[in-house]
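Engineer: Position 318 of the sequence shown, counted from 1, bears residue number 339 in my numbering, the numbering being contiguous throughout.
Derived from the structure by calculation, the hints contain no laboratory data.
Worth double-checking, as some hints may not be accurate.
To be verified - Pair by pair, the computed Cβ-Cβ distance ranges are:
#, residue 1, residue 2, range
1, D447, H483, 30 to 36 Å
2, A448, Q180, 53 to 59 Å
3, C360, D432, 16 to 22 Å
4, D432, V372, 20 to 26 Å
5, R136, P74, 26 to 32 Å
6, G87, Y446, 31 to 37 Å
The beta-carbon is built from N, C-alpha and C at its ideal position, and this holds for glycine as well.
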Amino acid sequence: MRRNAKESAEPLLLETQQWAHRPLAFVEDALQAKPEEWQRAILSEIQTGLGSPDEAVRIAVASGHGVGKSALVAWILLWAMATREDTRGVVTANTETQLRTKTWAELAKWLRKWRHRDWFEFTSTSLASRVVGHGQTWRLDVVPWSATNAEAFAGLHNQGRRTIVVFDEASAIPDVIWDTTEGALTDRDTELLWLVFGNPTRNTGRFRECFARFAHRWRGRQVDSRTVGITNKAQLKRWVDDYGEDSDFVRVRVRGVFPRAGSTQFIDVDDVEEAMRREVPVDAEEAMVIGVDVARFGDDRSVIFFRKGRDARSRPPLVFRKVDTMTLAGKVVEVASDCRADAVFVDEGGVGGAVIDRMRQLGVPHVLGVHFSSKADRWTAEGSGPLFANKRAEMWGRMKEWLKVGAIPDDPALAQDLIGLEYGYDARNAIQLEKKDDMKRRGLASPDLGDALALTFAQPVHPVWRRRDVDMTPKILDDDDKYDPFHDL
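Kindly generate the complete structure, drawing on both the sequences and the hints.
Structural biologist: Dropping the structure here:
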């Protein structure tokens, strides 16, 4: 028998069941804590949510610094474990350091203050019931996330009882962990609680979507540090004075509002959302350009994207999975003929060369291969070096400028591709984009839609006159040509 083992849970539950659906009362009565107003509101939201047994209670909190987030997480976890037999849960955070030294340490602090702490065994990795036979069924585990081992979040099924999942510093937790958790919280007749907390450091990813695209599924709250009694108001004022009320620094660290642009995010969310809403005229005299991104791996997509001047919406992109190069080449030939494309730019890396070869065999005169790693054409204004590290970065740079005036489909997958990409600088101070493999390690999909649209900016293209006696090969302009693709925008 385990040390300090309990024969039955009945003595504990006789006292704690009065708070089973009243977390605020548990915090105030059992833990003798005095919650801030925003903490009281969240605890009340949980109580309200428990009144809808067919739906998971989903709560998302984006806050400034120092508002008492870790304390609230600890209170909720103790309430969940103390008031329902055989509750199971998982807690994770953006880093193992955050998890061990803040989230879990705060739980240990409040557990020590609770007079029934001897009913649970606390270790560096779990909080488990000491009731005989319940050590594995009534427990809370601390699990550092891993995008390559999301299975730890899949085994949370706890039919007929209570399941709780907490994400701390949720902005940096990758989508694969969110997706796995989503699939785990499906038990019927079960109290399901999913709570996510964090500073809103990124304006991309699932945490932000809790307040945007998926806001209808979440009870979201944004907490300004200045409204909380325990924060250092003098320090907060200095930040506002130094950086400005609407700066991203203050938005994230004080106001609990998502930044306009991530610190290393290449394309702003606002520009993408505007491009999805913007209506633009279709100019018949503009060149029809096609970009083709060819899948390299099984989970990647092959994409054919169409753009005519400012319009990349009227003809939606075509997306293929697990298609062979010959079939893809045939499809590109078909749509290029149908829309009378003036140029088709194809990613020539990897297996893309086979697509280009096949298209040329079929007699397509206007297909051009693009090596993403080749040299960029644009240099700095001083002529001291290239503005972009390679051709891919240059194409994305042109697309970034165009998004301020262009129109794109209202497609969440495309939006995620465009705003998910991060950037840095190489040894020559040229802009260098994040590699696809690095995005995957962050839990994001390969930006195939974004790359396909970017390919339409490989070179400026003149429209080809539709006459049989005219050479149908598109004129690809060099740097000395006076044509400016943005001249009429």
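Engineer: Flag every earlier hint the structure violates by its number, smallest first.
Structural biologist: none
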